[in-house]
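Student: As a plain string of letters, each chain reads:
There are 2 protein chains.
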Amino acid sequence: MGKIIKIDGGVTAPKGFKAAFTAAGIKYKDRNDMAMIFSETPCECAGTFTKNRVKAACVKWDKEINVSGRKVHAVVINSGIANACTGEEGLAACKKTAEAVEKTLKVPADSVAVASTGVIGMQLPVEKLERGVEEMSKGLTDDLSGGTGASKAIMTTDTVNKEIAVRFTLGDKEAVIGGMSKGSGMIHPDMCTMLAFLTTDAAIDKALMQKAVSEVVDDSFNMITVDGDTSTNDTFMLLSNALAGNEKICAENEDYETFKEALSYVCVFLAKRMAGDGEGATKLFEASVVNAKSKADAKLLSRSVVGSNLSKAAIFGCDANFGRFLCAMGYSGADFDEGDVELCFVGGGEELKVFDHGVPLDFDEEKAVRIMKNEHVTVYINMNEGSASATAWGCDLTYDYVKINADYRT
Amino acid sequence: MGKIIKIDGGVTAPKGFKAAFTAAGIKYKDRNDMAMIFSETPCECAGTFTKNRVKAACVKWDKEINVSGRKVHAVVINSGIANACTGEEGLAACKKTAEAVEKTLKVPADSVAVASTGVIGMQLPVEKLERGVEEMSKGLTDDLSGGTGASKAIMTTDTVNKEIAVRFTLGDKEAVIGGMSKGSGMIHPDMCTMLAFLTTDAAIDKALMQKAVSEVVDDSFNMITVDGDTSTNDTFMLLSNALAGNEKICAENEDYETFKEALSYVCVFLAKRMAGDGEGATKLFEASVVNAKSKADAKLLSRSVVGSNLSKAAIFGCDANFGRFLCAMGYSGADFDEGDVELCFVGGGEELKVFDHGVPLDFDEEKAVRIMKNEHVTVYINMNEGSASATAWGCDLTYDYVKINADYRT
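Chains as they are written, first to last, in the numbering used here: chain A, 80 to 489; chain B, 80 to 489.
Treat the hints with caution; some may be incorrect.
Because identical chains share one entry, a pair is satisfied inside a single copy or across any pair of copies.
Unchecked claim - Cross-link-like lysine-lysine pairs, in silico, DSS-like; alpha carbons within 30 Å at most: (1) Lys139 to Lys182; (2) Lys432 to Lys130; (3) Lys290 to Lys372; (4) Lys351 to Lys482; (5) Lys108 to Lys446; (6) Lys290 to Lys207; (7) Lys82 to Lys452; (8) Lys175 to Lys142.
The set of hints was computed from the structure by calculation and includes no laboratory data.
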């Protein structure tokens with residue numbers, strides 16, 4: 080274990096995966112807004128989906144594929160319209176998109192996953208989607224540039240591309256996991272975040288792959304928040320075409336642990352990148368809770384701190400107003416005594432303790448501002464009550480968040 | 080029932096209540112930052128307090144008084160420092176404040192409630208508080224101006240004064256309830272909001288008064304939100320000195336219903352005023368849910384809609400992006416089927432349906448903008464699944480919210 084090597088590329092880095100992208104004119108003019116991932120070899124699939132009761136039509140479509148156990152050949156994504164709150168017409172759009180892939184690439188329509196992100200409560204222009212699929216079917220490439228292009232085409236208010244690939248060894252074979260994700264607003268994943276698609280050539284049993292996905296997503300995508308709004312479209316899918324040639328992972332052995340470690344590396348990377356690129360954000364805001372009574376409490380505490388509007392605004396203003404973190408911890412639902420708590424700010428290689436066992440400390444305000452001016456600010460919270468820990472990631476709340484969201488649709 | 084008449088004034092409107100205020104220099108220079116309410120006649124007290132696990136020292140002090148059943152003579156409030164996360168020193172500050180009142184006004188220290196709002200994690204300057212109490216003890220007046228001055232002295236980022244008084248009849252006696260409250264940020268009451276103090280001369284059994292308070296607060300203060308941050312200091316107290324001369328209310332009879340109706344009138348007025356004056360807000364944002372499966376669901380749904388950052392930003396931008404409301408309903412935890420839902424925007428005497436039984440409607444965008452430009456915008460949500468209803472109040476999310484909170488402390 081432990082030899083996870085970051086390599087170039089994204090979803091086309093593992094063997095046998097191709098990608099394509101196009102400007103289908105769904106929402107924007109002259110902007111790539113559709114992407115496709117394709118594997119000639121059928122893939123096992125593991126996924127997690129939004130727990131929002133209002134689920135987009137495409138989430139319903141993909142959940143059905145994931146539960147059925149069918150193999151997957153392709154994922155088609157558009158970044159113009161969410162296809163949520165669209166009734167029967169929305170479900171029909173999913174089917175027609177999948178049928179378009181069947182027509183051009185000769186794989187069964189029910190092996191094609193679809194995903195959407197964008198405006199809720201608006202119907203998809205099906206003909207544009209069909210033309211987009213036709214276009215992309217011609218442009219599929221296993222070059223790394225295809226993965227990068229696909230990753231960029233699914234961005235909405237995102238400002239940075241979010242892709243990664245890692246290489247690791249299973250037995251005597253090299254395997255790769257590649258991934259891309261998007262998400263900047265309406266980010267408060269409850270199962271996983273907006274859209275994330277991972278590919279791998281590692282051979283692994285479907286049930287074990289789902290287990291690894293569920294555990295890893297819980298500690299990565301499910302630990303980020305931008306605005307507390309859990310989307311209707313959250314979708315995470317990992318496709319495995321088993322082309323690495325490794326002995327198939329069928330037990331929780333050393334190979335499984337290596338696979339899970341690589342998966343975790345990829346997911347934490349993408350999740351942090353998403354949090355730091357939250358709508359309008361100027362910095363990544365991390366809350367690291369240690370020595371809590373339970374893992375569940377540690378998660379509640381860290382998520383509550385990075386999710387608090389007041390904490391986020393203080394981070395934006397470089398104001399070491401740590402009382403807001405304690406307030407957010409207090410309403411998180413976790414069990415603790417403020418008299419046990421220690422709080423430190425950490426950033427740019429410096430740290431500063433501001434609260435010690437229930438008592439506010441006199442601290443150096445200039446140093447606090449210096450720490451908080453970093454692009455990555457951590458609040459380190461020692462509960463001194465147990466041994467559980469958790470880390471959550473968010474971003475600051477800025478004028479630009481309001482600006483972006485006051486006129487998103489119009 | 081039904082004859083609730085709004086009259087001038089606030090906490091000094093009922094018989095026997097005096098108030099005072101002063102600039103004690105706790106945080107600001109030359110700004111009133113302390114207030115006192117006083118009744119020579121001892122008062123029964125009913126209260127509700129924050130459910131935040133991190134409770135301010137003053138909340139602990141007041142809860143003890145409320146639970147003990149002791150009579151209350153005075154409430155002393157400062158609006159500079161929250162006295163939360165201040166350990167033993169914070170509790171000692173409460174005691175010293177109460178003892179200062181004992182010294183000047185000859186009432187027992189343990190009949191003096193104290194309350195604070197302001198920065199968390201900072202110690203109170205006790206000597207300034209003591210001088211403030213001395214000053215206010217000389218300035219107590221039963222004039223309406225005393226109540227108004229006290230109400231204004233507890234404001235922090237509030238931009239409008241929040242006070243009200245109503246008159247009603249119990250048997251052949253007239254009784255009055257007066258109230259004042261403050262709150263603009265860190266407003267997501269879980270029990271009741273920041274600070275609200277009500278006075279009444281109506282005679283009512285303590286247990287019945289507490290029952291009425293708990294029920295009314297649940298449908299008023301507990302249904303507003305500004306930023307999702309439940310404060311460490313939320314305090315609601317109602318003091319009754321029984322000077323109206325009515326036959327004491329000792330059963331849930333007609334007088335009880337009248338009292339509760341008057342109390343509800345006062346609480347809803349103050350709660351809405353607080354939501355509409357949320358930090359940086361330009362308008363009051365109301366979500367009215369009808370025909371839900373249960374009252375609990377109706378509350379979850381309405382609170383989730385007005386609490387969503389994305390919904391609030393859309394309201395600010397006059398963008399009828401109703402999908403964000405459906406998204407917020409979806410993650411509220413309430414049980415429903417989006418296929419049953421109808422959504423209307425209501426404002427300035429106009430209304431506009433945008434979503435009908437799961438299907439987005441084509442609507443007049445100009446009319447939507449016209450409706451949303453009003454100072455009070457309501458989204459009317461018909462669940463069509465039951466008969467329960469609830470209303471929640473919030474405000475829009477604006478640049479000024481970020482501005483106010485990025486540099487609150489410094």
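Student: Pop the pair Lys82 and Lys452 into one bin, within, between, both or neither, using alpha-carbon distances up to 30 Å.
Tutor: neither (34 Å within a copy, 58 Å between copies)
Student: With identical chains, the pair Lys108 and Lys446 could be close in the same copy or across copies; at 30 Å between alpha carbons, which is it: within, between, both, or neither?
Tutor: between (47 Å within a copy, 27 Å between copies)
Student: 30 Å Cα cut-off: does Lys290 pair with Lys207 within a copy, between copies, both or neither?
Tutor: Classified as neither; 37 Å inside a copy, 61 Å across copies.
Student: Within, between, both or neither: how does the pair Lys175, Lys142 come out at a Cα-Cα threshold of 30 Å?
Tutor: within (17 Å within a copy, 62 Å between copies)
Student: Within a copy, between copies, both or neither: where do Lys432 and Lys130 come within 30 Å Cα-Cα?
Tutor: between (37 Å within a copy, 27 Å between copies)
Student: Could you place Lys139 and Lys182 in one of the four classes (within, between, both, neither) given a Cα distance threshold of 30 Å?
Tutor: within (22 Å within a copy, 69 Å between copies)
Student: Go through the copies and call it for Lys351 and Lys482: within, between, both or neither, with a Cα cutoff of 30 Å.
Tutor: Both, since 23 Å and 26 Å are each at most 30 Å.
Student: When no copy is specified for Lys290 and Lys372, does a C-alpha distance of 30 Å or less occur within a copy, between copies, both, or neither?
Tutor: Result: close within a single copy only, 25 Å intra versus 35 Å inter.
Comparing the model with each numbered hint stated earlier shows that hints 6 and 7 do not hold.
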